[in-house]
Every structure is written in C-alpha cells, then in structure tokens.
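*Asks:* Residues 4 to 838 in the working numbering are what the sequence shown spells out, letter by letter.
In case anyone wonders, no lab produced these hints; they're calculated from the structure.
Any given hint might turn out to be false.
[Claimed, not checked] Below, a list of computed lysine-lysine pairs in the DSSO-like style, where the Cα atoms sit at most 30 Å apart:
(1) Lys452 x Lys645
(2) Lys452 x Lys441
(3) Lys441 x Lys645
(4) Lys432 x Lys452
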Amino acid sequence: MSPEPPPGPRRRALIIATESYRDARYDRLPGTARDADELRAVLAAPGIGGFEVEVLRDPTLHAAAGGVARFFAEAGPEDTLLLHIAGHGVRNDKGRLFFAVEDTQPGELFHTALAAPDVAGEMESSAARRIVVLLDCCYAGAFDETPALMIASPFVPKPLGTAAGRMPRDGRGHVVIAAATSVQQAIEGNTGGIFTRCVVHGLATGAADLNGDGVVDTHELFLHVAERMRELGATASQQPTYTAHNVIGLLRVATRPGAEVPQVVEVPPARPAPPPVRGKSRGQWAQLAAPAAAALLFAGCAVQADSRVADGGCPAPARVRVAADPAGLAASRQLAEAFEDWVARGRHGCRTADLYVYPVPGATMADGLRTGWGTDENGRAYLAEVGPHPDLWLPGADSDLPPPGDDPIHTVRQVAETPIVLGVPARVKLPAGQRAEKSWPELFALARKAGGVVRADPADSAVALMATTKLYDDGTVGATTARDQIERPIEQAADAGRFPLDSETDLLCRQGRLRGRTSLVLTEQQLVRFNQGSSPCLEAVAAPGPQDRLIAYYPELTPKVAKSVVTLHWPLRVQSTRVQEVADWFARWLVQPDGRAELLRAGLRPTGIAIGAPLTGALGADPDWPFSRIAEPEPAAATRRKITASYEAARRAGRFLVALDASGSMDTVTADPTRTRWESALAAVERAAGRLGGRDRLGLMTFAGESVREVLPVAPRGARAPSQVRAAVAPVTPQGGTPLYAAIARGTDILRAGSGRDDLRALVVLTDGRDSSGRPPPAVSRSAGVRVFVIATGDVSCAGAKLDRLAAGTGGRCFDAGQDSPESVLTGMFRAVWG
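Given these sequences and hints, build the entire structure.
*Replies:* Here is the structure:
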C-alpha cells in the first residue's frame, strides 16, 4: 500500500544519472554526473525551480526501478513531478527502449535494464496531475512514439495564439521532452550531454522564458533547447522531440531567475579521444561528419544487444532512414533486415548499419522533396508530420518519382519488376488456359460474372492507375462505357463485400477475412506474399487455405511495375557523410547477387537471376511470365494524366457527412499549445472540404450533451465549402457529454435517406470520448450502404473497441489519432476517404 502523501502541493524532482557501467561494452559517459549536479542546483534553487531534488548516481536496476516507483507512487494530485534520466539508451530488435544502469547486461535487457514502458506505466498510475519527463539518451523519442502527439524540432509552433492566451499558468498533464528522436543518437561532449547542458542554460539564465512573462513552461523550454542545440551544431544528426498527453494549460517548469542565479558556465563540446575498437584501427571506421563549428561524439547509445548478430565492442551503427511505399512496407523491411544481417556477417557480427523503414505514400514523398522536407503551402511540416529526412526511398512504382528538378534525389536504380495481375480466388475456377490469353477488359468481364472484381483507388494507387489504363483501353473508352462496364461493377463488388476504398493492402486484409469469390487487381508480388501468409494487416489474419489462395492471371499487355531504389543527399546539417555512404552501399547491394536473391525472396523479379521460389505455381504465380512476349512498361505521364481525368469523370460522386464531437473534452489543449482539439478538428475539416470534387456533396453535424444537430445539410459546396464549414460551427462551444452512438445512428439515417443510389455515402465521425448516453451502439445492418469512418482521439482508442468493429463492418475504418490529435492525422484520413 502506497504511503499517504503529505498535505499541500509539492514540487519534486528525481534525477537518474548513469555515468559508469560494470559491463565494458557500455562506454563510460564522462560529464553525466556533473550534468546531474548542475541540473540539481538549478531545479532546487528557490527562485528558479523550487523543487525537492533527489539524485541517483550510477544506480543499480533495483535502486533505479525502486526510486521511480516510489517517486510516482508517493505523489499527491496537486504535486508537480519532474523526472530526468541520463545515460545509455538501448533499443532491442523489437524497438523497445531501455535505460541502461550500472549493472545492465547487454544480452539481458529485460532483466537488467530499466524499461521505458515500465516508467511510462508508473507515470500513468501516479495521482500527480503535472508530470514532466526529460530524457537525455539515444533513441529517447522511442519513450512514446505516438505520431499524433510528437513534435520534432525545428518545425515547432510558437507558444502564441488563441488557446495560449487563455491557458492557466499552472496547467496539468504529462509532457516528455526527449534529446533525440526514436532513431537518433544523442550527443555527448567532454563536458556532458548537449541536451542537459541546454536545459540547464535555459533555466539558469532565464533564456527559456521566451515570452518574458517570468515563467518558463514546458513548451518554452523545448523551443529554447531545440534552438540552442541548433546553434551548437547538434541538430545535424539529433533533433529533440516534445510529446504532450492530456495537457490543459501550460506546465510551469521554473521561474525566471532574479538576482541570485547559480553560475553555470556552458562550454561548447569538444571531441574527446575516441576509444579503440577491438580488431580495428580508428581509421578503418567511417566517422560521422560534424559541423565545423563543433566536433561532436555520439554517446549515450548502445548496439541492439538482444540481436542475434550483435556483439560487444562494436561501433555505433549508421542510422539510415528509409521511406517506403506503404503497400510494400513489410517487404521493404524484409530487405532492410537482410542487408543489416549481410553487413554484420562481414563485420564480425557488428551491426554497423541500422535501417529504419517507415511508410510514406508516393504523392506525399514527391511533395516533401519539392519543399526540401520543410513546410508546404498548406502548412504541413514534413519532419513533424510525416517522418525524418529520408536517406533512401523505395517507391511503389517509377511513376511515383517526381520529374527531374532541383531536389535531393541523387541516384535512381531500377532493381526489379513485378507484373500487374488479376488475383482470382482458387474456388472461382476460371479456365486455367486463359491465365495469359485474354486482354484486361476480357478477363475483367469473366471475373466480374464469376464473383466480382475490386481495385484500389487510382487516385491513390499507381498499380490501380496502371491497370485502369488497360481497362480503359489506353484511353479510347468513353466516360459512359467506363462508368457502366468498369467503375459501377467495381463499386458494387466493393460495397457488397464491404471492401475498403484506398490501397491494395486494405483490399487484401479484407479478402483475408472474407474468403469469398471476389477477384483483386494487384501485383504479382502482393499476391504471392498474401498466399505465403505474410499479412500486411495490423491484426493477425491466417494464411489462406487452398480454396482461398489467389491465382495470378496475366492479361495480355499487362504493365510491369518497375521497382527502384532512390538515394537522397541532403546538406551535412541533416545527413552525415557516413549515412550517405551506407545508403549508397544498400543501393549497390540490391543489384549484387546477394541483394538480388533477397529481392526474389521478397516476391520481386530482379534482373540477372533465375526466377524460382516464391514465384511458383504453389503460391499462385507463373515463373514463365512474360511468356516470350515483350513486357509492357509503365504508362507515360501524359497517358496517366489522361486516364486520371477519365476516371474522375467515370467514378461515382460522393456524399460525405462529417460528425464533429462538440463535448466539453474537445476543449482540451493539444500538443500544439496554440490549439484545442476542437480547433484542430475544425481546421482539418475546413482544409479537407477544399478537396471536394465538383460532383461531391458535403454536410456537417455536431453532437454534445443530449443533442445531435445537422448544422450544414448534405449538398454541393464548391469553392465556398471551407468558409461554409467555419460559419456553420461559429456559434458552437464545446461542452457537455458525448452522445456518440446517437450521432452515428442519426448520420447513417441522413445519408441513407438522401438521393443518389450510386453515390458513395460516408459518415466521418471525429470524437475524443466514449458514448455517455448509455444506449447500445447501432447495429451494422442499420448502416447498410453507408461507410463509417471514425477518428478516435483523446481518451478513446480503436483497439478492441466497438467503434473499430462498427467501422470495419461497414467497409470503413477506425483511425487512432492519439491523446491530442494533430491536424495532419485528420487531413490524412480525409484525403484517403475522398481522394
């Protein structure tokens, strides 16, 4: 039983600083203890921090874990807690973050290191309403990687604006400020950690009081640290991150000091002598380039010690960031892991390459490169909202590549190809002799009669657009014929099977659950991996049985999708020379024998290698393609533009009704302290409304308390849609409970009652709370003909929830946007729904 907290609010700080380690595989971190002393002084100073400070120097796991547990358990609701952890940060093969302590063993992290999720669990269990966590270690951003909550410097909002102006000065919530992202190393100079030094500087000098009100809040501290690190040259390879949970108001860290200020002298970091590496001279390892203004050494990091090939004494690996097409994410990660293992085998088991693969759609990637991975004309900050600067890109198709221009693309190498096929369930039993004898329109007509055909949205999928080019006979088919013979049958099959609307990945996930007679347009690689049981779904989907496997039918003149690897070169402040070299190495490896073998294992057809497993009949493929014929290349850009225009004319119109949660919890401030959840959601709806097609219709309703109101009827909106949305909700103030299920029932009724039987009808629900009315959720049957999309924010999530099952049952989807939804999550979802 936890001890009773003393009466009255307290300000308490716990500093865990590990400088020395028993295991020689962890380098000593000189300056860490000094950092702890100086941070303790500034936090304890009555005129600055006013904290009761406890410092654990070089603690064992027992001491560290016990100290953290007591620190959070003994707090009262009105206490302010500040936890600072400095030392080696280690990630295992699953990406889990651990904090190494004095007795940590690299091969036994689960038993000898302080696990980040355990610390987060203690935070969540604490009664304290105000908690600040400062992490000065490698991969610190992995403490909480919820994309909707995280802001990474240098693209950070200023603490000004509507929401900031009415915030309480001593708010509540949890804030985590980390020295680096989840894939970056933290920097250690000969005087300690750069991040901690910048924190001490901001508090001790008062420089972190950016708005001059005499108070340093968490957001101001983060902005100061990010800017100070940039000035010192640290952000070339390290950007601090800011994560906020349920924050209302501004969390006060310190007061701007008065006359008595602890004297803390900041010394720019210098390069200490690097330790010798076993079996190698220092010159044999490529060193990370550093800015000329300050030579920096990466420390506070460790190899992935739980890996099957990792070994002690290894140099820190080069972290290479790989942007990959979302539909091929699993295959791209398979290639990255194979390269890491191949490199390690040639380096005595040392993982000197670490590839971080993350999804980026082709259109998003092209726009990001055009803006230099900065901020686009719509205010989208790519570093904060999409991911880190990519060193490599694995696009879905060469048609995703932007036209040549002034961008960071360095090289483009085609490494493999895969044909576009029609995946027909084995139970359908189309004539086997027609697998390669029919044109796309002929084969489509056969499969349509046998059980229907579905295809991803050509506006989002390069594969779908290429197949549509052949279904439209390279643009010779008129809009009426395309509508009646192609698009309407596809839409009917998608609605009947409640298939999602966007990508091949989503179609395959639905196919894996449905096990029906519907055929899919996809690539040979996607078909083979589906038959292997390599499910791309978030939830587990069993490998298909013999009757559920897809058989690849290869229409005449079917296009082949070119698979390329793209290297990107950025300025040294963003990308080190060593990272460039490893990225180039990966690109070259893919065209060498070992790399080609891995491409084949991933289901692709590399050049210069005999085609074998897994491209076999047992997995639905025909290794003899292209059957002595010349393979059709990807359509030219002019043809793609023509087909896109034809598709826009032939597709069905959309009827969209957005249901906005206007309950009191939507007035909570988000990670961006200038906006509430309500303001962020409204801005996203306004932006998305501007993307509507000329034939589409939009409506808006709000729900709060016991009321569900249709504030904007479903109707054509045109160019005035954003301003109409703003005007419709201007009188609304978030308050009251959450009649969520009533809103869903009312929204589906409105859409079902409207005209336009062929229209796509979609209800988009934005909510941050569970239903408070006590009524049961509406049955899926009540939503027949309407797709329900839910964006779950704040205190509600999709995982295992009734909302998830309801949305999936209608062919829609539930999106987890995290505790404080940023605008990008909402606009990305709207983009997927109405293209």
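*Asks:* If a hint holds in the structure, say so; if it does not, say that too.
*Replies:* Hint-by-hint comparison with the structure:
1. Lys452 x Lys645: Holds, because 28 Å separates the two Cα atoms, which is no more than 30 Å.
2. Lys452 x Lys441: With a Cα-Cα distance of about 15 Å, the restraint between Lys452 and Lys441 holds, given a limit of 30 Å.
3. Lys441 x Lys645: The given pair, whose Cα atoms are some 24 Å apart, holds under the 30 Å limit.
4. Lys432 x Lys452: Within the cut-off at roughly 12 Å; holds.
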